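Let's have the full structure, built from the sequences with the hints guiding it.
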Amino acid sequence: MASSNELEKASTDSCFNKADHELDALGLRCPEPVMMVRLKIREIQDGESLFIKADDHSTTRDIPSFCRFMSHTLVAQQTQESPYLYLIKKGE
Numbered sequence: 018m019a020s021s022n023e024l025e026k027a028s029t030d031s032c033f034n035k036a037d038h039e040l041d042a043l044g045l046r047c048p049e050p051v052m053m054v055r056l057k058i059r060e061i062q063d064g065e066s067l068f069i070k071a072d073d074h075s076t077t078r079d080i081p082s083f084c085r086f087m088s089h090t091l092v093a094q095q096t097q098e099s100p101y102l103y104l105i106k107k108g109e
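Counting in the working numbering, the sequence shown runs from 18 upward without gaps.
All the given hints hold, so there is nothing to weed out.
In silico DSS-like pairs for lysine-lysine, Cα to Cα no more than 27 Å straight-line:
id: 1; residue 1: 70; residue 2: 35
id: 2; residue 1: 35; residue 2: 57
id: 3; residue 1: 57; residue 2: 106
id: 4; residue 1: 35; residue 2: 106
id: 5; residue 1: 70; residue 2: 106
id: 6; residue 1: 57; residue 2: 70
Okay, the calculated beta carbon distance ranges per label pair:
id: 7; residue 1: 44; residue 2: 109; range: 25 to 35 Å
id: 8; residue 1: 108; residue 2: 53; range: 12 to 22 Å
id: 9; residue 1: 63; residue 2: 98; range: 25 to 35 Å
id: 10; residue 1: 88; residue 2: 37; range: 14 to 24 Å
Rather than coming from a laboratory, the hints here were simulated on the basis of the structure. Nothing here was measured: the structure is a model prediction, and the numbers come from that model. Ideal Cβ placement from N, Cα and C applies to all residues, glycine included.
Now the structure itself:
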């Protein structure tokens, strides 16, 4: 039987796999990851989702703040270890 952590990880992983768009921000350092997210969000339609993979620890603070400020929904995040994973739904 799978542990609750394994089930949570599997649930989160499947959530990230359903994204409409993807952004690889690995190797980028603050403020580049959030700048790239901002540019990519502008390109997608309202209601679509963006999966982000980053390894800069500042994204654990910056991406949730960006979502709150810009009225996007942070659907899921995995920030326990790098690479950090985020799923954003563009606000309408």
